[in-house]
Amino acid sequence: MNTVKVRNLELGGGIPAVCIPNVGKTKEEILTLTEQYKSMPMDLMEWRVDWFEGVEDTQAVLDVLSGIRETLGDTPLLFTFRTKKEGGVHDMDTAAYIALNKAVAATKLADLIDVEIFTGDEIVSELIHAIHASGTKVVASNHDFDRTPAKSDIVYRLRKMQDMGADIPKIAVMPRSKRDVLTLLSATEEMASDYADRPIITMSMAGLGSISRLSCEVFGSCLT
1217 MNTVKVRNLE LGGGIPAVCI PNVGKTKEEI LTLTEQYKSM PMDLMEWRVD WFEGVEDTQA
1277 VLDVLSGIRE TLGDTPLLFT FRTKKEGGVH DMDTAAYIAL NKAVAATKLA DLIDVEIFTG
1337 DEIVSELIHA IHASGTKVVA SNHDFDRTPA KSDIVYRLRK MQDMGADIPK IAVMPRSKRD
1397 VLTLLSATEE MASDYADRPI ITMSMAGLGS ISRLSCEVFG SCLT
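The numbers in the numbering used here rise by one with no breaks, and the one at position 34 of the sequence shown is 1250.
Rather than coming from a laboratory, the hints here were simulated on the basis of the structure. On a predicted model such as this, the values are computed, not experimentally measured, just so you know. Beta carbons: idealized from backbone N, C-alpha and C, even for Gly. Among the hints, erroneous ones may be present.
[Stated by the list, open to error] Using 30 Å as the maximum straight-line C-alpha spacing, the simulated DSBU-like pairs for lysine-lysine come out as follows:
no. : residue 1 : residue 2
1   : Lys-1301  : Lys-1241
2   : Lys-1376  : Lys-1221
3   : Lys-1367  : Lys-1254
4   : Lys-1318  : Lys-1353
5   : Lys-1324  : Lys-1376
[What the hints assert, rightly or not] Computed beta-carbon distance windows for the label pairs:
no. : residue 1 : residue 2 : range
6   : Asp-1290  : Pro-1237  : 17 to 23 Å
7   : Arg-1395  : Gly-1303  : 21 to 27 Å
8   : Lys-1301  : Thr-1219  : 27 to 33 Å
Take these sequences, add in the hints, and give me the full structure.
Listed below in structure tokens is the structure:
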């Protein structure tokens, strides 16, 4: 399996990396949290920009992004706008979603950019191409907050992300039972062992799924 290198971090090369999400609402809060996280055992920070109150203003986003980059130094940064349909906190139309991610990619300040795989194949392909053209990596993602799909469906979604050219496929699902957690872990093992030629990220959400975040190295997920 190939690894993915971002700055000083090699994903998929051993112990899973630790990622901390930044969900600050204002520029000041976001930068304060970034400074605090720098002192924690963190390998990667994710900026959940959908929490930012100025997210509709691209220039404001880029201004905060510049501050985050300066504060983080050489710590890698994942930029994520999570849509409402996948658990985010802000509505944004598709055209604005595309424009925002392209604008961020063009700055080269983020090391990875999240692209939701079910935004539409044509749009996803366009975004992956644009992000790669800037030298930035793509995390293709899917989040199911209602249920845990069948094992075959989870593997299908991860393979689709890989086939579309994402550097790292990611899926997060909601368990309703312990068996659902086992389904996610089994799908992760199958994808990692039989199909993946690059790192993958999987997780079973909420307290019930916590074991999936603790045992990710055993089953093949590269990030927790």
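Hint by hint, here is what the structure shows:
1. Lys-1301 with Lys-1241: Holds - the C-alpha atoms of Lys-1241 and Lys-1301 are around 20 Å apart, at most 30 Å.
2. Lys-1376 with Lys-1221: Holds, at about 22 Å.
3. Lys-1367 with Lys-1254: 37 Å, violated
4. Lys-1318 with Lys-1353: It holds: about 12 Å lies between the C-alpha atoms, which stays within 30 Å.
5. Lys-1324 with Lys-1376: Holds, because 26 Å separates the two Cα atoms, which is no more than 30 Å.
6. Asp-1290 with Pro-1237: 17 to 23 Å: Because 19 Å falls inside the window, the suggested range holds.
7. Arg-1395 with Gly-1303: 21 to 27 Å: Hint holds: Cβ distance 23 Å, inside 21 to 27 Å.
8. Lys-1301 with Thr-1219: 27 to 33 Å: 31 Å, holds
In the structure shown, a violation is registered for the earlier hint numbered 3 alone.
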